[in-house]
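Asker: Sequence:
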Amino acid sequence: MSHNFENQTLAFAGICQAASLVQQVARQGIIENKTTLAATLNSILVTDAEQSADIYGGHGELTLGYQAIVDQLSNDSARKNAELTRYMVGIVALERKLAKRRDLMSMLGERINQVKRQRHHFELLDEQVLANLASIYSDIVSPIGPRIQVAGNPTYLQQTPVQHQIRALLLAGIRSAVLWRQLGGKRRHILFARKRLVAQAQSALRK
Numbered sequence: 001m002s003h004n005f006e007n008q009t010l011a012f013a014g015i016c017q018a019a020s021l022v023q024q025v026a027r028q029g030i031i032e033n034k035t036t037l038a039a040t041l042n043s044i045l046v047t048d049a050e051q052s053a054d055i056y057g058g059h060g061e062l063t064l065g066y067q068a069i070v071d072q073l074s075n076d077s078a079r080k081n082a083e084l085t086r087y088m089v090g091i092v093a094l095e096r097k098l099a100k101r102r103d104l105m106s107m108l109g110e111r112i113n114q115v116k117r118q119r120h121h122f123e124l125l126d127e128q129v130l131a132n133l134a135s136i137y138s139d140i141v142s143p144i145g146p147r148i149q150v151a152g153n154p155t156y157l158q159q160t161p162v163q164h165q166i167r168a169l170l171l172a173g174i175r176s177a178v179l180w181r182q183l184g185g186k187r188r189h190i191l192f193a194r195k196r197l198v199a200q201a202q203s204a205l206r207k
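Its first residue numbered 1, the sequence shown is counted upward by one per residue in this note's numbering.
I should point out that these hints are in silico values taken from the structure, not numbers from a laboratory. Wrong hints could be hidden among the right ones.
To be verified - Calculated pairs, DSBU-like style, for lysine-lysine (alpha carbon to alpha carbon, straight line, at most 30 Å):
#1 195 <-> 97
#2 80 <-> 97
#3 207 <-> 186
#4 80 <-> 34
With the sequences and hints as input, model every part of the structure.
Answerer: Here is the structure:
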């Protein structure tokens, strides 16, 4: 398999991982694996990596995303999750709209640079940083639609910290979708290269 397809799968795993974490926090109110959460959110701020894997801190930080590819795209229907698929499709659709708006992409870059400067004073998972990342999604990405409707436990969804995490994670999903498109990823690959994506994800999980 080509090195480029390996990187495409890596970026797609980034989308899947962000979507999986959105589902997790919406249902449970908390993401227990803070390392996975941090790797996913930090990918938003890594804009000058030498290799695609460096954006996430290595293949090992995308275990949840690779597993989601296997579960969602394999022939075992019992493992599929329609809600997760809806989030993934929604993220890809939003990124396609965003990519056509140079003005918004420029604004996105400026706002991300502001968060990078904020990181000199605060930890990545500090509420102020999460709120800032969430506001980038709310201000720039969400308005271009179609909006991603997140399902979950209403008690948790009403909590501001949970809302911030969800929006920050959706922004991380958009970041991975940008990378996926830049590497040549297309929506038809999800349909017509499913076996290849699953095989590549399984290979990454074995490493």
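Asker: Please flag the earlier hints that this structure goes against, numbers listed from lowest up.
Answerer: Per hint list: zero violations.
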